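*Asks:* Here are the chains, one letter per residue:
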Amino acid sequence: MHELSIAMSIVEMAQEEAELRGNVHIQAVHLRLGLLSGVVKDALLSSYEMACETTVLEGSRLIIDEIPVEIYCSKCRTQRPVHSIQYFCCAECGTPSAKVTRGKELEVFALEIGE
Amino acid sequence: MNPEPRMVEVRKNILKQNDVIARALRERFRNDEILAVSLVSSPGSGKTTLLERTLTLLRPRYRVAALVGDLATEHDSQRLARSGAPVKQITTGTLCHLEANMIQKALDGWDVGKLDFLFVENVGNLVCPSSYDLGEDLRLVLLSVTEGEDKPLKYPTIFNSADVAVVTKTDLAAAVDFDEQTLDRNIQAVRPGIQILKLSAKTGKGMREFLDYLQKLRQPRSQAASAV
Chain D
1 MHELSIAMSI VEMAQEEAEL RGNVHIQAVH LRLGLLSGVV KDALLSSYEM
51 ACETTVLEGS RLIIDEIPVE IYCSKCRTQR PVHSIQYFCC AECGTPSAKV
101 TRGKELEVFA LEIGE
Chain E
1 MNPEPRMVEV RKNILKQNDV IARALRERFR NDEILAVSLV SSPGSGKTTL
51 LERTLTLLRP RYRVAALVGD LATEHDSQRL ARSGAPVKQI TTGTLCHLEA
101 NMIQKALDGW DVGKLDFLFV ENVGNLVCPS SYDLGEDLRL VLLSVTEGED
151 KPLKYPTIFN SADVAVVTKT DLAAAVDFDE QTLDRNIQAV RPGIQILKLS
201 AKTGKGMREF LDYLQKLRQP RSQAASAV
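Order-wise, the sequence lines are chains D and E. If you count the first sequence from 1, position 101 lands on 101 in the working numbering, and the numbers rise without skipping. If you count the second sequence from 1, position 195 lands on 195 in the working numbering, and the numbers rise without skipping.
These are calculated hints, taken from the structure and not from any lab test. It is possible that some hints are incorrect.
Claimed, not checked - Quick list of in silico lysine-lysine cross-link-like pairs, DSSO-like style, CA-CA up to 30 angstroms:
#1 E:K205 x E:K88
#2 D:K41 x E:K154
#3 D:K99 x E:K88
#4 E:K154 x E:K205
#5 E:K12 x D:K41
#6 E:K16 x D:K41
#7 D:K99 x E:K16
#8 D:K75 x D:K99
#9 E:K12 x E:K105
#10 E:K12 x E:K216
To be verified - Ranges between beta-carbon positions, derived for each pair:
#11 E:T56 x D:I85: 37 to 43 angstroms
#12 D:D65 x E:L138: 30 to 36 angstroms
#13 E:Q17 x D:Y72: 25 to 31 angstroms
#14 E:D19 x D:P81: 41 to 47 angstroms
#15 E:R185 x D:D42: 43 to 49 angstroms
#16 E:W110 x D:E49: 25 to 31 angstroms
#17 E:W110 x D:P81: 18 to 24 angstroms
#18 D:T55 x E:K205: 39 to 45 angstroms
#19 D:P68 x E:R185: 20 to 26 angstroms
#20 E:G44 x D:G22: 51 to 57 angstroms
#21 E:D19 x D:D42: 37 to 43 angstroms
#22 D:C76 x E:R59: 44 to 50 angstroms
To be verified - These stretches of chain D come out as covered by chain E in the derived footprint (C-beta under 8 angstroms, 3 or more residues):
#23 5-19
#24 59-68
Since the structure is predicted, the reported quantities are computational estimates derived from the model, not experimental observations. The C-beta atom is built at its ideal place from N, Cα and C for all residues, glycine as well.
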């Protein structure tokens with residue numbers, strides 16, 4: 001369970017951004033979460049609520065955009081979705097690949113700011 | 001009345017701080033010609049036993065040291081210290097994994113002199129350590145034959161993040177009806193092309209191949225260095 005420390009980092013980052021913009025009120029934080037990030041969505045959502053308590057982020061929402069895993073397929077010569085997270089091969093042609101090009105994201109993408 | 005909220009794009013990586021420190025560590029290991037090897041696995045897969053044996057066997061020929069992460073006790077570092085190699089404990093408290101700044105802090109002010117190999121034993125956990133780059137050159141994921149052949153499918157993220165899979169406790173394989181082919185297939189499914197090494201740190205079987213593998217990775221650097 002490292003979701004709480006991740007949630008606290010998100011809150012900290014959002015607080016800094018709010019201050020930078022003249023202490024604006026943040027209504028929501030949009031997060032990009034790769035399926036290979038090692039972070040569990042549900043655990044992060046409940047941790048986020050806890051991490052927000054007694055901060056200026058209290059009452060804000062965490063909106064998670066889950067990013068699927070993509071690999072570089074040497075046969076198709078392009079980025080392709082994986083067959084599944086248990087089977088790292090091209091969803092189109094079945095060629096195995098360990099070159100992950102997408103799906104490790106753990107990124108605060110945007111903030112929703114209210115007045 | 002609440003006016004429509006406006007969206008501002010931020011695009012900030014949450015683990016940026018960790019990644020920056022990890023990059024600095026990797027650079028430092030490269031400059032100092034140290035091969036940094038981390039070990040991850042479930043609790044009880046045999047990280048400490050493998051590491052104790054590895055330190056003991058490498059020590060006559062190489063300068064080796066180990067950092068070991070543990071939640072509360074110092075048992076592991078005491079066991080590793082029996083090898084005679086310098087060992088430092090990182091007690092993580094309630095934290096279930098190591099982060100790059102802990103490695104940096106442990107190395108700063110630790111006078112171990114010049115090293116050839118630095119081993120980093122992570123906290124026993126197959127989930128959280130996968131998110132954190134420690135600046136290591138090589139990440140070993142360990143799995144004992146008693147844990148079940150489907151473990152890689154249950155924890156694909158950590159297996160995918162590893163460079164080498166080490167199957168441990170092979171001396172117990174017959175007792176647990178270990179299915180080698182199924183395990184190999186499952187490991188390859190979540191991390192195609194990964195090197196799989198099998199050994200028993202207890203009987204020593206497979207240890208030579210394991211050590212050869214590590215030494216080969218270490219070699220090109222020394223050759224490159226002496227060629228300059």
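*Asks:* Now look at each hint and say whether the structure bears it out.
*Replies:* Here is what the structure says about each hint:
The suggested pairing of K205 of chain E with K88 of chain E holds, with an alpha-carbon distance near 28 angstroms, which does not exceed 30 angstroms. Proximity of K41 of chain D to K154 of chain E is assessed by CA-CA distance (about 17 angstroms); at most 30 angstroms being required, the pair is judged to hold. About 34 angstroms separates the Cα atoms of K99 of chain D and K88 of chain E, which puts this hinted pair outside 30 angstroms; it is violated. This hinted pair checks out: K154 of chain E and K205 of chain E have alpha carbons roughly 28 angstroms apart, not beyond 30 angstroms.
A C-alpha spacing of about 18 angstroms is found between K12 of chain E and K41 of chain D, which places the hinted pair at or below 30 angstroms, so the restraint holds. About 19 angstroms separates the Cα atoms of K16 of chain E and K41 of chain D, which keeps this hinted pair within 30 angstroms; it holds. Restraint check for K99 of chain D and K16 of chain E: the C-alpha separation of about 21 angstroms stays at or below 30 angstroms, so the hint holds. At most 30 angstroms may separate the alpha-carbon atoms for a hinted pair to count; K75 of chain D and K99 of chain D meet this at roughly 13 angstroms.
Our distance criterion of 30 angstroms between C-alpha atoms is met by K12 of chain E and K105 of chain E, whose separation comes to about 25 angstroms. Pair hint K12 of chain E plus K216 of chain E does not hold up; C-alpha atoms about 38 angstroms apart against a cutoff of 30 angstroms. At roughly 38 angstroms, the beta carbons of T56 of chain E and I85 of chain D sit within the given window of 37 to 43 angstroms. Taking 30 to 36 angstroms as the suggested C-beta distance range, the pair D65 of chain D and L138 of chain E conforms, at roughly 33 angstroms.
For Q17 of chain E paired with Y72 of chain D, a C-beta distance near 28 angstroms keeps the hint of 25 to 31 angstroms intact. Judged by the Cβ atoms, the range 41 to 47 angstroms given for D19 of chain E and P81 of chain D is violated: they are separated by roughly 25 angstroms. Between R185 of chain E and D42 of chain D the Cβ separation comes to about 30 angstroms, which falls outside the hinted range of 43 to 49 angstroms. Distance hint for W110 of chain E and E49 of chain D: a CB-CB separation of about 40 angstroms, inconsistent with the stated range 25 to 31 angstroms.
A C-beta distance of roughly 45 angstroms is found between W110 of chain E and P81 of chain D, which places it outside the suggested range of 18 to 24 angstroms. Taken as a hint, the range 39 to 45 angstroms is violated for the pair T55 of chain D and K205 of chain E, whose Cβ atoms sit roughly 55 angstroms apart. Separation of P68 of chain D from R185 of chain E is about 24 angstroms and conforms to the stated range, judged on CB atoms against 20 to 26 angstroms. Checked against the hint of 51 to 57 angstroms, the C-beta distance between G44 of chain E and G22 of chain D comes to roughly 53 angstroms, which is consistent with it.
Remark: the range hint 37 to 43 angstroms for D19 of chain E to D42 of chain D is contradicted by a beta-carbon distance near 25 angstroms. Against the hinted window of 44 to 50 angstroms, the Cβ-Cβ separation of C76 of chain D and R59 of chain E comes to about 48 angstroms, which satisfies the hint. As drawn, the region 5-19 of chain D meets chain E at 6 residues by the rule of a beta-carbon pair under 8 angstroms; at three or more, the given contact holds. Here the region 59-68 of chain D counts 0 residues with a CB under 8 angstroms from a CB of chain E, which misses the bar of 3, and the coverage is violated.
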